[in-house]
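J.: Protein chains in written order, with the UniProt record's numbering: chain Z, 1 to 782; chain H, 1 to 236.
Honestly, the hints are just simulated from the structure, not real lab data.
What you are looking at is a predicted structure, and each value in this text was computed from that prediction instead of being measured.
Please note that a few of the clues may not be correct.
The calculated lysine to aspartate or glutamate pairs, modelled on EDC-like cross-linking and capped at a C-alpha distance of 20 angstroms, are [claimed, not checked]:
| id | chain 1 | residue 1 | chain 2 | residue 2 |
| --- | --- | --- | --- | --- |
| 1 | Z | Lys271 | Z | Asp48 |
| 2 | Z | Lys713 | H | Glu97 |
| 3 | Z | Lys630 | Z | Glu473 |
| 4 | H | Lys136 | Z | Asp48 |
| 5 | Z | Lys709 | H | Glu97 |
| 6 | Z | Lys773 | H | Glu14 |
| 7 | Z | Lys769 | H | Glu74 |
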Amino acid sequence: MIINNLKIAYRNLIRNKGYSFINIVGLAIGMACTILLLLWVNHEMSYDTFHNDPERVYQVGNYQTWNGKRNAMPNLPTPLIDALKEKYPEIKYATHFNAWGENLLLEYNGKKQYESIKGADPDFFKIFNFPVLQGNIETCLNDINSLVLTEKSAKRIFGNENPIGKTVNIDNRQPLTVTAVVKDIPTNSSIRFELLMPFELMRKANPWSENWGSHNYFGYAKIAEGTNIDVLNEKLDQFYIDHVDKESEKYAFLYPLLKRHLYYLDNSPSKITQVKMFFMIAIFILIIACFNFMNLSTARAAKRAKEIGLKKAIGATYPQLIKQFIGESLLITIISANFAIILAHLFLPQFNSLMNRHLILDYSSLEFWLIIVGVTLVTGLVAGAYPAFYLSSFNPIMVLKGTFSGGKGSNRFRRILVVMQFILASSLLICTLTIVLQTNYLTNMDIGLNKDNVIAININQQMQKKIETIKGELMRSSFIENVSYGSHRPYYVFSNGWGENWEGKDPEFKPLITYPYVDPEFFDVFKVKFHSGRPFNANNPAADSSCVIINETFAKMISNELVIDKMIHTGNNEDLRIIGVVKDYHCTPNTRKLQPFLLRLCDDPRFLFVRYVEGNATKTVQEIQKICGKYNPEFPLIYNFLDDHYDNLYEGQRATISTLLYASILAIIVSCLGLFGLASFNAEERTKEIGVRKVLGASMNQLILIFSKDFSKWILIASLISWPITYFAMEVWFQDYPFRIDFPFWLFIAVFLMLLIISTITVAYQSWKSATKNPVVSLKYE
Amino acid sequence: MIQTSNLSKVFRTEEVETLALSNINLHIKKGEFVAIMGPSGCGKSTLLNIIGLLDNPSAGNFRFIENEVAHYTEKQRTKLRKSNIGFVFQSFNLIDELSVYENVELPLVYQKVPVSERKRKVAEVLKRVQLDHRSKHFPQQLSGGQQQRVAIARAVVSNPNLILADEPTGNLDSANGREVMDLLSELNQEGTTIVMVTHSSSDAERASRTIQLFDGHIVSENHKKQVNKAVQTEIL
Chain Z
1 MIINNLKIAY
11 RNLIRNKGYS
21 FINIVGLAIG
31 MACTILLLLW
41 VNHEMSYDTF
51 HNDPERVYQV
61 GNYQTWNGKR
71 NAMPNLPTPL
81 IDALKEKYPE
91 IKYATHFNAW
101 GENLLLEYNG
111 KKQYESIKGA
121 DPDFFKIFNF
131 PVLQGNIETC
141 LNDINSLVLT
151 EKSAKRIFGN
161 ENPIGKTVNI
171 DNRQPLTVTA
181 VVKDIPTNSS
191 IRFELLMPFE
201 LMRKANPWSE
211 NWGSHNYFGY
221 AKIAEGTNID
231 VLNEKLDQFY
241 IDHVDKESEK
251 YAFLYPLLKR
261 HLYYLDNSPS
271 KITQVKMFFM
281 IAIFILIIAC
291 FNFMNLSTAR
301 AAKRAKEIGL
311 KKAIGATYPQ
321 LIKQFIGESL
331 LITIISANFA
341 IILAHLFLPQ
351 FNSLMNRHLI
361 LDYSSLEFWL
371 IIVGVTLVTG
381 LVAGAYPAFY
391 LSSFNPIMVL
401 KGTFSGGKGS
411 NRFRRILVVM
421 QFILASSLLI
431 CTLTIVLQTN
441 YLTNMDIGLN
451 KDNVIAININ
461 QQMQKKIETI
471 KGELMRSSFI
481 ENVSYGSHRP
491 YYVFSNGWGE
501 NWEGKDPEFK
511 PLITYPYVDP
521 EFFDVFKVKF
531 HSGRPFNANN
541 PAADSSCVII
551 NETFAKMISN
561 ELVIDKMIHT
571 GNNEDLRIIG
581 VVKDYHCTPN
591 TRKLQPFLLR
601 LCDDPRFLFV
611 RYVEGNATKT
621 VQEIQKICGK
631 YNPEFPLIYN
641 FLDDHYDNLY
651 EGQRATISTL
661 LYASILAIIV
671 SCLGLFGLAS
681 FNAEERTKEI
691 GVRKVLGASM
701 NQLILIFSKD
711 FSKWILIASL
721 ISWPITYFAM
731 EVWFQDYPFR
741 IDFPFWLFIA
751 VFLMLLIIST
761 ITVAYQSWKS
771 ATKNPVVSLK
781 YE
Chain H
1 MIQTSNLSKV
11 FRTEEVETLA
21 LSNINLHIKK
31 GEFVAIMGPS
41 GCGKSTLLNI
51 IGLLDNPSAG
61 NFRFIENEVA
71 HYTEKQRTKL
81 RKSNIGFVFQ
91 SFNLIDELSV
101 YENVELPLVY
111 QKVPVSERKR
121 KVAEVLKRVQ
131 LDHRSKHFPQ
141 QLSGGQQQRV
151 AIARAVVSNP
161 NLILADEPTG
171 NLDSANGREV
181 MDLLSELNQE
191 GTTIVMVTHS
201 SSDAERASRT
211 IQLFDGHIVS
221 ENHKKQVNKA
231 VQTEIL
């Protein structure tokens, strides 16, 4: 029986090569796409699960109150971690974990390279499980001068040498000795480092960080077995009040590490949005592929009718037939799954570079096979169920008498499926293009300052000492327009506070103010415009040391009138006079609202900004290298072009867009494959009609039009349905963007026309073929 | 009106070559009613298709209303066919998705007849076949006889010179068949040339001439005395 059914299934596959091809290709593309997306989803969901008892690991958070609202912050006062561990026995282990620096110059045996080094407490390896290759993981961070490497960084620094016990020099002043090498950090870890040193050392270097008001470092904790986290969090809520300051408006809390990759610390969605989005797209594409299959199998029903009628007449039962057809669809799905794995394998590198991941098709992992078998079974059953029930329900008497007009009964069903496919394709495309337009708008938006033709140079301590000299020498160059230094890249300032006070301020109103530090040339280098007042005095900056320049947004908070010469009292008990108000510019990425900010003169510059005359980039870099090299010979220069750096801020968004674009294109391809199959079925079904029309004198163009009209109608219906869906979906999406485009309604028409053209091309061949057929053939044997 | 000399038609597939018509010499005058008879597979329908300009002969000459059409392209054939020939098929070949009115209207649409004139002509012809009250119905809602009357209405609506009928009563019971034949006779009386393929000798009785085909050859021709007025005039 099974063999017989397999034989029939196989022969059907071979005999109807065209349909089989469309079915298998459609399913394979859909499944490959779904497999890749699910692989990614699975990877994102698996973050930090590899630690022992990962559900007991938490990030320590800190609520800070401003504007009457608790805001969850990851940066903690340094003493908090020690105090938590000491006061609460439920907290078994706790560690600081923070970058010491991104570009620290590491020297070994005369070879120098920049490395990023992080610091952690000895509990670190008791909380997190990173398998050790060499050294003792228990004690490797005990000594204050120890250094833990990963396989990769050990190779980079020491080549084939055994790194254990070797000493390197950091920034020409701090020797560290390698005590352990661990395996490279898995890609699905949110805790990442390549070089790790004791946090103790960072603490010693920054004694100012030991106060409760300064929030600088991240911390993690592992709680004891059996601890009720809700009860513990209630206790932690009282921590500051009980142990630090009765008046405190800060509250400690623990947030599960397992959720950290997907959610922000305040439990609002971060990566989870993208995960959900891509999961849905994976399902969409699979549904579209399944619809194809259902469409084509029911369309072919008339051809199978005789077989079914005969089988029923000689005693096949309904369930037997259903089993046969489900089996057939599973056979096709399994064949498609094999192609899907090949496709997924071929496109994995592109997918990885798109998503910036290192996913692998791990044929030995259970999860991989669960995804494959799951996708195959679901596809086979979903795609096969309706056709199976439909085909098995044929009336054998009608079929055998030849009065059966197969296929027609399910015509409406097929149309609904095609319409649904195009609803999905159209929605996906409209959403994608809207996101593309919004991202283009954000990247090309005038952010109120000019960042073109500016090079940013990272400043280290040595350069800091000579900053005015370097600046002066650079300014002498003919192709350098101006030079400025400051604390941050001007559009990327994440340094803020809420302690400011001014005359007439509501004491309850505590806005978060951003603090960029600049020099007098800043306004000229970045072409920042003034609303009122003046810039800092370039000839005598010291005279303006207790003066500030604020932006319009901040000025409006202070008063609706002129704010020049008004005083601002800071949280550090300084009184600052406002000497100028600049027009608003974006000091944080323009995915956020305009922030109120306060510009002060900079005494701890981190970046040097060089504006050069357009077309002189190479010469300027050479000049900078020459001059900085003179004053900072030990450290290689680190610089980048500001417009490049700015552009890179949107890299993540671009990856999403590319994935969405590919998904939309695939959705359209798979839909069109189905349309192609359906068109050929339709052409077959309408052979008689075409013949009659031809005999009556219809021209070829008129005949092709008849076909296109039908399909155009479906596309139009699908588009009309997709419009409100996408409009509302995108309006929800836009809520996260304070700066946004108007909804691009023209996309509705554009996408509709695009789908219309694509589908017309798809059905054109079939219509042409049937329109050029000799009508005699179709009419004679009716 | 129709003159063929040594007309042949060969059908070729990859393996087989079939001679469907061989050296057919036929002359049909305007206003004649010709019945073509013969067993299945003798080439009746092939001949009808060639006369109907649906197919080209493989060899020989074919004159249709003063045109040598044997080597016409499909486009040329379509043009000539549209304005000169109406078809009636055994299986009616009505388009299920179109109403009676729309089915009848179709040839006029393809001849680019203006809407108002189409309306008038369709109404006229539907009245003629006594189906004016059914114009909004769809083919499936009609009896076989009614469907064939619609098909005849469609064939004559553009006032063709020639009606080709391929077993017009083959799918009908005798009462309905008679009705259809009456209608065809009537049209012939009014001057329309009719060529009809049939298996039914009683239907063939209605024709002025019967041609017997066998294995692609004309084996006999049988003239009836009664000839309609139009033919008489042509002969005179």
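J.: Hints first: check each against the structure and report whether it holds.
T.: How the hints compare with the structure:
For a cut-off of 20 angstroms, the pair hint linking Z/Lys271 to Z/Asp48 stands: about 14 angstroms separates their Cα positions. Using a Cα cut-off of 20 angstroms, the hinted pair Z/Lys713 and H/Glu97 holds, with the two alpha carbons roughly 16 angstroms apart. For the proposed pair Z/Lys630 and Z/Glu473, the alpha carbon gap of about 11 angstroms is at most 20 angstroms, so the pair holds. The straight-line distance between the Cα atoms of H/Lys136 and Z/Asp48 is roughly 71 angstroms, outside the 20 angstroms bound, and the hint therefore fails.
Under the criterion of a C-alpha separation no larger than 20 angstroms, the hint pairing Z/Lys709 with H/Glu97 is consistent with the structure, at around 14 angstroms. Of the pairs offered as hints, the one joining Z/Lys773 and H/Glu14 holds, with about 18 angstroms between alpha carbons and a cut-off of 20 angstroms not exceeded. Simply put, Z/Lys769 and H/Glu74 have alpha-carbon atoms about 15 angstroms apart, close enough for the 20 angstroms limit, and the pair holds.
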